[in-house]
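Engineer: Residues per chain are reported as follows:
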Amino acid sequence: MNLLWRWLTDPASWEGSAGIPARVAEHLAYSASTLVLAALIGIPLGLWIGHTGRGRVLVVNLVNGMRSVPTLGLLFAAVLVLGPLLGGDIAFLVPSIFVLVLLAVPPILAGAYAGVEGVDPGARDAARGMGMSSREVLFRVEVPCALPLIFSGLRSAALQVIATATLAASVSLGGLGRFLIDGQAYRDYGQMAGGALLVAVLAMLVDLVFAVVQRLVVSPGLAPARTSRRAARRAAAAALSPT
Amino acid sequence: MIRFTDVTKVYPGGTTAVGGLSLTAPTGQITVLVGPSGCGKTTSLRMINRMIEPTSGTIEIDGRDTGTLDPNELRRGIGYVIQSGGLFPHRTILDNIATVPLLLGWDRARARARAQDLLERVGLDPVLGKRYPNQLSGGQQQRVGVARALAADPPVMLMDEPFSAVDPVVREQLQDEFLRLQSELGKTIVFVTHDIDEAVKLGDQVAVLRVGGRLAQLASPAKLLSDPHDDFVADFLGRDRGYRGLAFAEAPELPLRDEPVVLLGSSVEQAAAIAAGDRWVLVVDEARAPLGWAEPGVLTGVIDRDHLHRGGTVARVGGSLRAALDAALSSPSRRGVLVDDADSLVGTVRAPDVLAAIERRPDGVPA
Ligand SMILES: Nc1ncnc2c1ncn2[C@@H]1O[C@H](COP(=O)(O)OP(=O)(O)OP(=O)(O)O)[C@@H](O)[C@H]1O
Ligand SMILES: [Mg+2]
Numbered sequence: 000m001n002l003l004w005r006w007l008t009d010p011a012s013w014e015g016s017a018g019i020p021a022r023v024a025e026h027l028a029y030s031a032s033t034l035v036l037a038a039l040i041g042i043p044l045g046l047w048i049g050h051t052g053r054g055r056v057l058v059v060n061l062v063n064g065m066r067s068v069p070t071l072g073l074l075f076a077a078v079l080v081l082g083p084l085l086g087g088d089i090a091f092l093v094p095s096i097f098v099l100v101l102l103a104v105p106p107i108l109a110g111a112y113a114g115v116e117g118v119d120p121g122a123r124d125a126a127r128g129m130g131m132s133s134r135e136v137l138f139r140v141e142v143p144c145a146l147p148l149i150f151s152g153l154r155s156a157a158l159q160v161i162a163t164a165t166l167a168a169s170v171s172l173g174g175l176g177r178f179l180i181d182g183q184a185y186r187d188y189g190q191m192a193g194g195a196l197l198v199a200v201l202a203m204l205v206d207l208v209f210a211v212v213q214r215l216v217v218s219p220g221l222a223p224a225r226t227s228r229r230a231a232r233r234a235a236a237a238a239l240s241p242t
Numbered sequence: 000m001i002r003f004t005d006v007t008k009v010y011p012g013g014t015t016a017v018g019g020l021s022l023t024a025p026t027g028q029i030t031v032l033v034g035p036s037g038c039g040k041t042t043s044l045r046m047i048n049r050m051i052e053p054t055s056g057t058i059e060i061d062g063r064d065t066g067t068l069d070p071n072e073l074r075r076g077i078g079y080v081i082q083s084g085g086l087f088p089h090r091t092i093l094d095n096i097a098t099v100p101l102l103l104g105w106d107r108a109r110a111r112a113r114a115q116d117l118l119e120r121v122g123l124d125p126v127l128g129k130r131y132p133n134q135l136s137g138g139q140q141q142r143v144g145v146a147r148a149l150a151a152d153p154p155v156m157l158m159d160e161p162f163s164a165v166d167p168v169v170r171e172q173l174q175d176e177f178l179r180l181q182s183e184l185g186k187t188i189v190f191v192t193h194d195i196d197e198a199v200k201l202g203d204q205v206a207v208l209r210v211g212g213r214l215a216q217l218a219s220p221a222k223l224l225s226d227p228h229d230d231f232v233a234d235f236l237g238r239d240r241g242y243r244g245l246a247f248a249e250a251p252e253l254p255l256r257d258e259p260v261v262l263l264g265s266s267v268e269q270a271a272a273i274a275a276g277d278r279w280v281l282v283v284d285e286a287r288a289p290l291g292w293a294e295p296g297v298l299t300g301v302i303d304r305d306h307l308h309r310g311g312t313v314a315r316v317g318g319s320l321r322a323a324l325d326a327a328l329s330s331p332s333r334r335g336v337l338v339d340d341a342d343s344l345v346g347t348v349r350a351p352d353v354l355a356a357i358e359r360r361p362d363g364v365p366a
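Chains A and B are the protein sequences, given in the same order. If you're matching positions, the first sequence starts at 0 in numbering that gives the first Met the number 0 and goes up one per residue. If you're matching positions, the second sequence starts at 0 in numbering that gives the first Met the number 0 and goes up one per residue.
Bound-form chain B, shown alone:
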């Protein structure tokens, strides 16, 4: 657990970057600091590992005041990831990852084995280990940065906009893998971003800061979206809050309907027969994984992959209301496709049924 108690940072020029910040980042959870540019996120983060010394106030990690610890020892026990990656250009990827273990005095063989293991854990091809950072893409470099921070298995990780220098598609991948990794590792993470969508996606709790480093609101993403504390937070959260909030509402039992399906490779006549007058029919593979919608009326011959309409999103049973609603809204047949954890079709749901489920939710705001 990381606890800020009335922490203030005034820079020599007189700028108050952080003003009386008090908050707690619980063990094993992701706490996101988010806010407009210059609101003191980086300053707050860097005070945790004493890259910046607070002007006043205390920061404790598991009850120990960081101000009383040796800064270098403190930092060796904290993973640190920065936006630019900060990889060492003169070292191979493996040696980059092995840096902290070697600083801690591990023997070389153990440090390298650990580095190799981490390379794979963050989803990189093991052969990349022998390369140098300038031979990697930006997204790969970010993964190496994360692997390097994890190398000595620190209980605490500090991450300053680690995914903001890559394009949106790669960012999404990195975020998903980061969440998967965190579900295995359960680190205590403080994560800085200026992107509210990233904050809401990654955070177990989100701290919205306003300029001057003052805490505007500290809450779970769902609570934040449904009940912003004031206009500043509401503005910062932006539009579509109601819809985005549904991402955190687990779908209750939805009234699913059986969906008639045809196998990929069936003839169009078969498909038309199964569709029984409906314009669209759902196409699946042998494992009943939905592949897309076909329109038998306009096709001839055999249904192959090129014929499929792929606009519809697929939601998981027991997933969020947002995913279920989006599946229905995006489907050309207006029937949203739901699958189980093995990606096999369970049934379809219509938008009005999802809306009815939303309406049935208990009033008020989530905790």
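For reference, chain A alone in the conformation it holds in the complex:
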């Protein structure tokens, strides 16, 4: 505890290109670019599979298959294979992002697919029956109804990516993983613990941001409860008021 505190309060830990803010920024940059890429692949694919019902087997196998892949091994393999083809700085960056994207696509894909798949068949039938084109059914009914599951896919992918992005440091890239690797190398346990703590805090903050965005964009009609939040709050306030 002491070591951790000393490291966190040492002004030197917060300065320069190896300081905490810089490492957090790097970590966020890896994670964000990974998530954007994974979402660009996973969401359209998931929506398409859910909408057309084609390729369901793919989703199931992909999701289960990816769970059993050893991430670190894959990372080294990717660096070995892709590194020489690229050269320079990106020789390590591209393989790292590639592996992280592979990790992030399945939960996002599964969320988008399950979201569309789970839309009330009656609503879909009614939408078609009132003359919506296939695109209109997808974008006006299926996607809005699928948003809660799309978000939960994105959120679990985000948590996984932020935690796993520490691995990038093991192939000599930056990010919060540096504190873990360097801390271990110099037997600076305060730095190691600090790095781990920062990863956890970052993951929580990112999840919080997602939660806020989700509340803003998902229709309140999709809330599981029969009563709206406002009604629930009003009821709670009434129950608590002294009269």
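Worth flagging that the hints you see were computed from the coordinates, not collected in a lab.
Facing chain A, a subset of chain B residues (Cβ under 10 Å, in silico):
1) N48
2) G85
3) T91
4) V99
5) Q134
So the derived list for chain A, only partly shown, Cβ under 10 Å to chain B, looks like this:
6) D119
7) R127
8) S132
9) L146
10) P219
11) G220
12) L221
From chain A, some residues computed to sit far from chain B (all C-beta separations above 12 Å):
13) I40
14) L44
15) Y188
16) V211
17) V212
All C-beta atoms in this analysis are idealised placements derived from N, C-alpha and C, irrespective of residue type, glycine included.
We have chain A already, so just place chain B with the ligands on it with the hints.
Structural biologist: Below, chain B with the ligands without anything else, positioned relative to chain A:
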């Protein structure tokens, strides 16, 4: 007018869901498709708006072959109501109702005003418009489904068991309001149900289908009840056909008798005097609306609402023979109460007089 000409639907698995169906659903009327489960009702209905494509045969709406029209445009001109409601959970009730007008390019203000108007027309409280479907009861959701189908004022409505997911009391309400609405709107409606009572109640004409999507009989409800074409139709219609058929026979002039009445709140002595030895006396309010029967012999004090026997049904003058007969049969005094359109008492009738009227009807079957 919707005309099926020799329409057949064979599903890929080889099931013949509809086999050579020919029938006409006249403009401005309710045509009910009824039959046992799996007889092809839903398939027939969904072929009209091309949610399902027929294997062969043609379906015309007002003389135009639907097969030649753009499916989405066709559907935008046809109201469609399904059993599960199919409301969009992410949209408010008003936005649900405004869906088709918006698809048709109406401006938002006009679409919302129309939705608000329809909400009231189907008997829903306007404040419900801001709610989401999961905050409504099943019966309310069904009304919204009907309102949504009516939103762009389509001349044709297709309804697939719209009232079967609600309890019997609510169903009856929905049916009554549906009939009231239809009497104002005069849509061309094809209505699917597996409930023969619903079919007979709602239909201007009823098409009974047998498994394999073959037409067993197409007739008015009265004709169906009095003259089923074969054993299948007769079995499907069930019991009490004679009695149920009376619902479609308008009562001729019935010999009404004046009924002595007492006002609610009169003393029991007054009531006994008016009853003049009869065990039962009819109690009315100031507007002469019948409230129930009282038995002065067993009461004391003042006649209030709790004293009234409410078993008797009330029939309307000029209503059906069934209602008149039921009023007589259900009355504790055996005198059936008849009222006018303002619910004010006209007189009473006895069962033998109703039966005599039934006996006097011309022989044979109604057209
Ligand atoms: N998509 C489909 N593929 C294959 N067969 C189907 C399909 N839809 C319906 N069927 C079959 O066609 C027949 C008619 O079905 P349909 O849904 O039209 O019946 P229905 O009269 O509406 O029945 P219910 O009262 O149970 O709703 C049934 O035997 C059914 O199994
Ligand atoms: Mg059906």
